[in-house]
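Asker: So the chains spell out like this:
Protein chains: 2
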Amino acid sequence: MEVTRTLASFVVEHRAADLPDRVRHETARSFLNWVGCAIGASRHETVERALAALAQFSGPPQASVLGRHERLDIMLAALMNGITSHTFDCDDTHLKTVIHPSGPVASALLALAERMPVRGEEFVHAFVLGVEVECRIGNAIYPPHYDIGWHITSTAGVFGAAAAAGRLLKLTEQQMVWALGIAATQSSGLREMFGTMTKPFHPGNAARNGLLAALLAQRDFTSSNQALEAKRGFGHVLSTQFKAEAVTDKLGQDWEILLNTYKPYACGIVIHPTIDGCIQLRNAHALKAEDIESIALKVHPLVLELTGKKAPQAGLEGKFSIYHSAAVAVIHGAAGEAEYGDAVVRDPNVIALRDRVSAAADPRIHEDQAGITIRLKNATTVEKFVEHAIGSIDRPMSDADLEAKFRGFAHGILSPAETDRVIALCWDVGRLADVAEVARATVPGS
Amino acid sequence: MEVTRTLASFVVEHRAADLPDRVRHETARSFLNWVGCAIGASRHETVERALAALAQFSGPPQASVLGRHERLDIMLAALMNGITSHTFDCDDTHLKTVIHPSGPVASALLALAERMPVRGEEFVHAFVLGVEVECRIGNAIYPPHYDIGWHITSTAGVFGAAAAAGRLLKLTEQQMVWALGIAATQSSGLREMFGTMTKPFHPGNAARNGLLAALLAQRDFTSSNQALEAKRGFGHVLSTQFKAEAVTDKLGQDWEILLNTYKPYACGIVIHPTIDGCIQLRNAHALKAEDIESIALKVHPLVLELTGKKAPQAGLEGKFSIYHSAAVAVIHGAAGEAEYGDAVVRDPNVIALRDRVSAAADPRIHEDQAGITIRLKNATTVEKFVEHAIGSIDRPMSDADLEAKFRGFAHGILSPAETDRVIALCWDVGRLADVAEVARATVPGS
Numbered sequence: 023m024e025v026t027r028t029l030a031s032f033v034v035e036h037r038a039a040d041l042p043d044r045v046r047h048e049t050a051r052s053f054l055n056w057v058g059c060a061i062g063a064s065r066h067e068t069v070e071r072a073l074a075a076l077a078q079f080s081g082p083p084q085a086s087v088l089g090r091h092e093r094l095d096i097m098l099a100a101l102m103n104g105i106t107s108h109t110f111d112c113d114d115t116h117l118k119t120v121i122h123p124s125g126p127v128a129s130a131l132l133a134l135a136e137r138m139p140v141r142g143e144e145f146v147h148a149f150v151l152g153v154e155v156e157c158r159i160g161n162a163i164y165p166p167h168y169d170i171g172w173h174i175t176s177t178a179g180v181f182g183a184a185a186a187a188g189r190l191l192k193l194t195e196q197q198m199v200w201a202l203g204i205a206a207t208q209s210s211g212l213r214e215m216f217g218t219m220t221k222p223f224h225p226g227n228a229a230r231n232g233l234l235a236a237l238l239a240q241r242d243f244t245s246s247n248q249a250l251e252a253k254r255g256f257g258h259v260l261s262t263q264f265k266a267e268a269v270t271d272k273l274g275q276d277w278e279i280l281l282n283t284y285k286p287y288a289c290g291i292v293i294h295p296t297i298d299g300c301i302q303l304r305n306a307h308a309l310k311a312e313d314i315e316s317i318a319l320k321v322h323p324l325v326l327e328l329t330g331k332k333a334p335q336a337g338l339e340g341k342f343s344i345y346h347s348a349a350v351a352v353i354h355g356a357a358g359e360a361e362y363g364d365a366v367v368r369d370p371n372v373i374a375l376r377d378r379v380s381a382a383a384d385p386r387i388h389e390d391q392a393g394i395t396i397r398l399k400n401a402t403t404v405e406k407f408v409e410h411a412i413g414s415i416d417r418p419m420s421d422a423d424l425e426a427k428f429r430g431f432a433h434g435i436l437s438p439a440e441t442d443r444v445i446a447l448c449w450d451v452g453r454l455a456d457v458a459e460v461a462r463a464t465v466p467g468s
Numbered sequence: 023m024e025v026t027r028t029l030a031s032f033v034v035e036h037r038a039a040d041l042p043d044r045v046r047h048e049t050a051r052s053f054l055n056w057v058g059c060a061i062g063a064s065r066h067e068t069v070e071r072a073l074a075a076l077a078q079f080s081g082p083p084q085a086s087v088l089g090r091h092e093r094l095d096i097m098l099a100a101l102m103n104g105i106t107s108h109t110f111d112c113d114d115t116h117l118k119t120v121i122h123p124s125g126p127v128a129s130a131l132l133a134l135a136e137r138m139p140v141r142g143e144e145f146v147h148a149f150v151l152g153v154e155v156e157c158r159i160g161n162a163i164y165p166p167h168y169d170i171g172w173h174i175t176s177t178a179g180v181f182g183a184a185a186a187a188g189r190l191l192k193l194t195e196q197q198m199v200w201a202l203g204i205a206a207t208q209s210s211g212l213r214e215m216f217g218t219m220t221k222p223f224h225p226g227n228a229a230r231n232g233l234l235a236a237l238l239a240q241r242d243f244t245s246s247n248q249a250l251e252a253k254r255g256f257g258h259v260l261s262t263q264f265k266a267e268a269v270t271d272k273l274g275q276d277w278e279i280l281l282n283t284y285k286p287y288a289c290g291i292v293i294h295p296t297i298d299g300c301i302q303l304r305n306a307h308a309l310k311a312e313d314i315e316s317i318a319l320k321v322h323p324l325v326l327e328l329t330g331k332k333a334p335q336a337g338l339e340g341k342f343s344i345y346h347s348a349a350v351a352v353i354h355g356a357a358g359e360a361e362y363g364d365a366v367v368r369d370p371n372v373i374a375l376r377d378r379v380s381a382a383a384d385p386r387i388h389e390d391q392a393g394i395t396i397r398l399k400n401a402t403t404v405e406k407f408v409e410h411a412i413g414s415i416d417r418p419m420s421d422a423d424l425e426a427k428f429r430g431f432a433h434g435i436l437s438p439a440e441t442d443r444v445i446a447l448c449w450d451v452g453r454l455a456d457v458a459e460v461a462r463a464t465v466p467g468s
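Top to bottom, those sequences are chains A and B.
Each residue of the first sequence is one higher than the one before, counting from 23 in this note's numbering.
Each residue of the second sequence is one higher than the one before, counting from 23 in this note's numbering.
Since the hints were made in silico from the structure, they are not lab data.
One or more of the hints may lead you astray.
[Claimed, not checked] The calculated SDA-like cross-link candidates involving lysine to any residue, where the alpha carbons are at most 25 angstroms apart (straight line), are:
| # | chain 1 | residue 1 | chain 2 | residue 2 |
| --- | --- | --- | --- | --- |
| 1 | B | 406 | B | 422 |
| 2 | B | 118 | B | 41 |
| 3 | A | 253 | B | 118 |
| 4 | B | 265 | A | 168 |
| 5 | B | 332 | B | 303 |
| 6 | A | 406 | A | 419 |
| 7 | B | 253 | A | 166 |
| 8 | A | 192 | B | 76 |
| 9 | A | 332 | A | 342 |
| 10 | B | 332 | B | 354 |
| 11 | B | 118 | A | 254 |
| 12 | A | 265 | B | 262 |
| 13 | A | 192 | B | 71 |
| 14 | B | 118 | B | 268 |
| 15 | A | 320 | A | 291 |
| 16 | A | 253 | B | 168 |
| 17 | B | 265 | A | 262 |
| 18 | B | 192 | A | 74 |
| 19 | B | 253 | A | 171 |
| 20 | A | 253 | B | 217 |
| 21 | B | 253 | A | 258 |
With the rest of the complex left out, here is chain A (with noise of 0.2 angstroms):
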């Protein structure tokens, strides 16, 4: 079975016209959250040190980086929105697979697309193909592959970048194998590196290298025939076991990005149902921290020796406290960014109604649920049971949902009318004539 020349002939030869609709709208769905992801954190200490390291190195400024004013050659801003995409740790989530599909896919497009003129028909189509390239690579290999200690989103994700890049620029199947091939033997990212600044690196450097081999490509740069299948390709020096029917099984039937989720809150995903909760209860009866007596939560185990931490003293901590999560999403109704920022975390209201969550391991609880009890000082109760968090695939975050958390990201960087116009070209991305219009909107002033 010719596993990596079947994969390229579908690339090479899908019609855009055969995407179902609901596959280009979880694409725009996929993109505005990948976009609003990258805004957010483009003022990161990670994205500045990045910045200060590589940016003397760059080519003629041909592409954005996203929510700032530098422009950089395609290779570099491919990287840098591909860092910046994966630095809140609050892009999308493949959940077969746990690849974060966009950050190498709509980094590396993006890119080329200031470089030469992309109708937003072909990105989104490019986009959707790139996509179903990583997550089918990803499930021929999930889970040894990932359990050896490969990041799968990095590993898997050059592969989409060169597939998705390799599309717009035209590649015939031959090239097209090839880019594969040249993924394939730039594919890397340790696991080991989670919680450092090297993390967020993996999906910019899966674009950058997946776009490097489709450039290679395209110039007949030679490579692997076979370079997934083979005794020493991809599949089988990266993984013990290689599904190759899961790379060409119902090519152009099954997609892949429609089992995208996106996470609605900044923090670990143990944490969502309970805040799902908690915002549910406060809206549904206009609750104020000052009328509450105490919040006693009951959570899968695994939460509390997660995310245990009762009295955090920093931003970043408090994402790893159930008691600060419960009591932002009780006061802010939410849990962007801003409600784990420094300011938030040692604010003397959240403080004090943190001090009144109490939180019990419950074995019978599945990891996608939570109970909450708020007992108010009139004597009243409030209750709510949680089956499936937002943004699981049970319950996914809706359309208005993703608007509302590309605003959080966006606030304090781009104005509000700015915010609203790159939302509006996102939702019409398979409709714009020229989709650079997008990465130029995001500049703040622009």
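For chain A, the structure is supplied; the task is to place chain B on it using the hints.
Answerer: Positioned in the frame of chain A, the structure of chain B alone reads:
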């Protein structure tokens, strides 16, 4: 045991004054050989295609592509010089690990030396340390890592490039730890790519990515502190065995560069004993093709398996013909790129002698050996049994041999005077006031 930190500390703390003289001299030999290989392949199609794809994204003209007129940013120059230096597969070999040590290290270092003033002593010191890092990491994982399918020149080379560049950048110990971490997470390169243009891409990519790692670390871009030894770090993820002590034992006492070897001929190493013996007989007896009745070879069985092509039609096929190789060794007294060009492979005189060569496999003969019996038309016979081929660790190429090899590569690209100048600069590399002079001297007409 803190393997990564121990190694980082060594690279940061070691003093140039403590380098033995023979280590310095071996470095000059490695450097001369590397520069020659890079110049020699500088017009190859592999190089033309890579430049056609990537030059448009280059930053400021900071560094040279050896043997050519283009100037690129240092990241891209490192990539290109890594590619050229491995295109003819004639660069150096650390036989213990089959790493080609100079490609990743020298490509990163020389590019950096064109961006900032670097004295010869610093350059040689960083070169030695880079080779030490990549070969020690190689020793820790070879052979299982290579057997799995990793191209060890690429996977280990990225560490060598990072360490060497990091030393020139005067990284602190913590920054060097991070540089090794950022290198680890980019470590990649599959043996599946052998036989394609993507093979020489590997050392270039290792150089580029190692340089990137050092530059990011210089700006405190954080990474793991245990990239080599952690459970999900390089050693355990990319190999089934990780001998930590091979990285740390006798640091500063044993020097891996002393185990470096150089290929005298532009073909697979299995043909080298035959060529060696044929050249020796030719020179000892002033042999001429027209006086020869037959040439009978006794070789290791692998030789016929790999290079048994009786009637090669084009230059590249000649490299896989023991018959052609023996013929040119006798006629030309050499087996460089020129002797594997299309014209020589199709030369009627070469073909006539090639057809009088026979070869028999003999399992008692080692890979490093060959028996040659040449029967002359005057009924006399001359014989030679080669115990160790020239270029092996037991019979290293002399400095004069290395110069002759260099001249063969530079022929047609540099003038004789330019060639003399580059050779002199390479021998003198440890005493140069500014090593960038070497790079600039390789540009034709400079």
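Asker: What hints, given by number in increasing order, does this structure fail?
Answerer: none
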